[in-house]
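Trainee: The whole structure should be built from the sequences, with the hints applied where relevant.
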Amino acid sequence: MAILSKEEAQAILKKTLSFSKADECEVSLGGSEGGNIRYARNAVSTAGEISTMGLAVSSTFGKKTGSATINEFDDASLEKVVRRAEELARLAPENPEYVSVMEPQTYRESIAFVPATAAINPDARAEMVLKSLQVAKEAKLEAAGFLENSNSFRAIMNSKGLFAYNKDTDISFSVTTRNEAGTGSGYVEQSFNDVKKLDTLAQTRIASGKATRSATAKAIEPGKYTVILEPLAAKDMLENLVRGFDARSADEGRSFMSKKGGGTRLGEQLFNEQVNIYSDPFHPELPGATWSGDGRPQEKTVWVDKGVVKNLSYTRFWAQKQNVKAIPPARQVIMEGGTASLEELIKGTEKGILVTRFWYIRSVDPQTLLLTGLTRDGTFYIENGKIMFPIKNFRFNESPIIMLNNVEALGKAQRSGNMIVPPMKIRDFTFSSLSDAV
Amino acid sequence: MKRRDFIYLSGIGAGAAMLQNIPVFGRDISMEEALMPVDTALKKRMADVALNAARSKGATYADVRIGRYLNQFITTREKQVENISNTESYGMGIRVIANGSWGFAAIDKLDDDNIARAAGVAVQIAKVNSKLLTEPVRLAPQKGYGEVSWKSPIEKNAFEVPIKEKTDLLLAVNDAALKGGATFVNSSLFLVNEQKYFASTEGSYIDQDIHRLWPTFTVTKTDAKTGKFETRNALSSPMGMGYEYLIPKKEEEIKSVDILYKNRYNMVEDATTAARQVDEKLKSKPVEPGKYDLVIDPTNLFLTIHESVGHPTELDRVLGYEANYAGTSFLTLDKWESKKFNFGSKLVNFEADKTQKHSLAAVGYDDEGVKCKNWDIIKDGVLVSYQTIRDQAHILNLPESQGCCYADSWSSVQFQRMPNVSLKPGKTPLSVNEMIKNVEKGIYILGRNSYSIDQQRYNFQFSGQLCYEINKGEIGGLLKGVAYQSNTQEFWNSCSAICDEKDYRVGGSFFDGKGQPSQVSAVSHGCSTTRFNGINVINTARKI
Chain E
1 MAILSKEEAQ AILKKTLSFS KADECEVSLG GSEGGNIRYA RNAVSTAGEI
51 STMGLAVSST FGKKTGSATI NEFDDASLEK VVRRAEELAR LAPENPEYVS
101 VMEPQTYRES IAFVPATAAI NPDARAEMVL KSLQVAKEAK LEAAGFLENS
151 NSFRAIMNSK GLFAYNKDTD ISFSVTTRNE AGTGSGYVEQ SFNDVKKLDT
201 LAQTRIASGK ATRSATAKAI EPGKYTVILE PLAAKDMLEN LVRGFDARSA
251 DEGRSFMSKK GGGTRLGEQL FNEQVNIYSD PFHPELPGAT WSGDGRPQEK
301 TVWVDKGVVK NLSYTRFWAQ KQNVKAIPPA RQVIMEGGTA SLEELIKGTE
351 KGILVTRFWY IRSVDPQTLL LTGLTRDGTF YIENGKIMFP IKNFRFNESP
401 IIMLNNVEAL GKAQRSGNMI VPPMKIRDFT FSSLSDAV
Chain D
439 MKRRDFIYLS GIGAGAAMLQ NIPVFGRDIS MEEALMPVDT ALKKRMADVA
489 LNAARSKGAT YADVRIGRYL NQFITTREKQ VENISNTESY GMGIRVIANG
539 SWGFAAIDKL DDDNIARAAG VAVQIAKVNS KLLTEPVRLA PQKGYGEVSW
589 KSPIEKNAFE VPIKEKTDLL LAVNDAALKG GATFVNSSLF LVNEQKYFAS
639 TEGSYIDQDI HRLWPTFTVT KTDAKTGKFE TRNALSSPMG MGYEYLIPKK
689 EEEIKSVDIL YKNRYNMVED ATTAARQVDE KLKSKPVEPG KYDLVIDPTN
739 LFLTIHESVG HPTELDRVLG YEANYAGTSF LTLDKWESKK FNFGSKLVNF
789 EADKTQKHSL AAVGYDDEGV KCKNWDIIKD GVLVSYQTIR DQAHILNLPE
839 SQGCCYADSW SSVQFQRMPN VSLKPGKTPL SVNEMIKNVE KGIYILGRNS
889 YSIDQQRYNF QFSGQLCYEI NKGEIGGLLK GVAYQSNTQE FWNSCSAICD
939 EKDYRVGGSF FDGKGQPSQV SAVSHGCSTT RFNGINVINT ARKI
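Same order as they appear, the protein sequences are chains E and D. By the count of our numbering, the first sequence reaches residue 438 at its end, each step adding exactly one. By the count of our numbering, the second sequence reaches residue 982 at its end, each step adding exactly one.
The reader is advised that the hints may include incorrect statements.
Footprint (simulated), chain D over chain E, 3 or more residues, beta carbon under 8 Å [said to hold, decoys possible]:
hint, stretch
1, 173-180
2, 201-207
3, 336-346
4, 368-379
5, 425-437
These are computed hints drawn from the structure, not numbers from a lab. Virtual Cβ for every residue (Gly too), placed ideally from N, Cα, C.
Mentor: Here it is in structure tokens:
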């Protein structure tokens, strides 16, 4: 029941809108089903399954909006939720930033749904986790991990006739393997739309290799180093950057994208020429929703071209005020890479540090986008193109803006979580202190 | 979409970065509906259906939580209300032990058939999981309390205060900040009411009504000429209180450089002060990196306590259950067994307390029916205990659980969560002024800001909202770019003085995350202003 077809969703939305007496009304409907297994100390700790579906109505009189939600779908319930939203709208204060609902749009069909992933059952999940546990036990390591899959749909319709529908599937897996002495730790994390791309056995082997190789780490002095960031580490830094490509905060003078003397840094060369970032809901490795929450089509958008910031995202209100196109915020973000493998990047490095993962990244200064955080689960010293020995974890204080100016080389991009990111070789990355954590 | 339908507060401006992406779980409801509690007799009857069904399917233990979770959040910016939302989430979670293993199922359609079916599913999951067990669950003994109840000791239910009164307050806060010269201001108010009913096969039927609130704001000032901007966040605290927290009272104020607040908060006054201070921050001088004696106010130290003391003493982290997410802990069991692990200086005493009035984690009974209490975690600088629930108590040879079990929803599995962990005030009379008088070269730090700590809780870096220079016992101007970086054990060993109980205040974390799928919890940390000698301070300024 939780996953409706386009026609089923359309019928419920139409029915709901037929009860509306407001000036404008927007109805959204979404559902998901899926399950998870959590394990630790080489045994399953919790497992569960859940299925949910809900409908939200947003009614507007003039510039006064009210919203209400419900999880029952008979006619009486649908009418009730519309009346509730209208009642709340009449009581609400006027919103001077209210923008009328959108005219109908055309969307391309999403490619984010994979039937094989939608068909995952508890046995399939257990089997994937058993493979992971088996690798850890054979390697005499302790595994803690989490496997979760979901299958979901979302649809909206408004009183101007706009209708949009999307469904997608997702599977994510992560595992930490640690040695008994607590001196070595390794980690992997992967997300896919298609379960066939996930190999928990091979992935746990990678984590186990890192756990074994990272034991007995040596301390080296903090300072500025050339680093090679594996895609997982690079992704965490990039996420913080892309989130900041917001026009309003830049226009208001409270963002790293704000310009001295007023205005924004849109069009400026902010990064090294090798940096190209775009978003695309139709990328075969990272397919996503074809429309944003308010119905705007998600199109391929270039954010950074050869180091120059090309676009900022807008709310519909802010775009109207500035008289520009209302580009929705980036989702399905891709940073282009080169052709080199991670091994080749290491081979070409005289002295440097391989970072497999960062942890607890927090903003320190929004003005410069300075971030702090730590390395975790395997950090290694490189000399003359070879990994020499594991090193103790570092705390870093670095801005992704400075980092992307100091790009020496980019490897082959790959999916990491909900981004596609290359491994990166960066010079002068700032490590400020040592951590004893393993 | 993941396991749950989080509503994200996307309407909040980018300037209020700390307020973004706050998850609130539930469906929207009207205020009249929110104020109608579910009948206790009905809840008892439904709980019995679940307990009997679980037993009949082979459970050796079962507990049921029927939860009704109400949230109200209001967000504003400058002269307008951005969002008002009431949400409710209502349902039942059934947890069982069968074949020595845990099983769990949750439902929101509470008819007898569905309840009995869900109890059966929980038992079935337990039996399947038992094949992957390394050792069976061992529950610490727990007596049944019969039918009991507990309520947060609030004076004024914030949900009953008319929305208009609340939006008027937030708009008055914004007005005060704008009049004071701020360029932008975002303010918000979060209210939580957990109506929880717990029943177990031990014979407890516990009805609880828990209230929490968090008023906060961010004041921003920009300087178009230089392209610089600064913010100052509210010095309020999330509290386990009703609306009375927002009714100012002179005797709950403390005079420092400016006014600070205990169990009552003057939000408008704080916004006026913030507008002045954000201007001072723009003009402040950069800090010279180096070693300083830090005088840390409770509005900042509470978070340092949370991260460096609260988290590493969670027993599930110590054992490795959080290894894949939040991390493990440097406070390994051998350090506790030695009875002499030197966590901090002799002045350092941390107490866990789930009964503390006005605190966020205060309840009568935890989410597995254990009556709440207090105990020492660090005594005279030595690690003496952790935080446990029923299936962990035997690891510490404890005769009973310490009552730290919590789930953020009826649909979440309850697990070990942090109690209030607080630093005891100094025993000898000492005011903040007296403390500062003796500092040669130091920094006085107030308000929470950036915070980051490693996965075993050794290395941390924190910064504040207001960092005043202290020179030869005198407070000077504000400093820019201050962050203090230390190692947990070294930091607490450098603790050289703690102000007395007159300065004691609680701060808190309203949305502390842990677990996979992630759950939030709310927890307070009390302390008085405390001095730490010779702490490393860095300058975080960069040029881009």
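Trainee: Give a verdict on every hint.
Mentor: Outcome of the hint check:
1. 173-180: holds (count 4)
2. 201-207: Since three or more residues must qualify, the claim that chain D covers the stretch 201-207 of chain E is violated, with 0 doing so at under 8 Å.
3. 336-346: violated (count 0)
4. 368-379: Answer holds; 7 residues pass the 8 Å Cβ test.
5. 425-437: Holds: 6 residues of the stretch 425-437 of chain E have a Cβ under 8 Å from chain D.
In summary, the numbered hints that this structure violates are 2 and 3.
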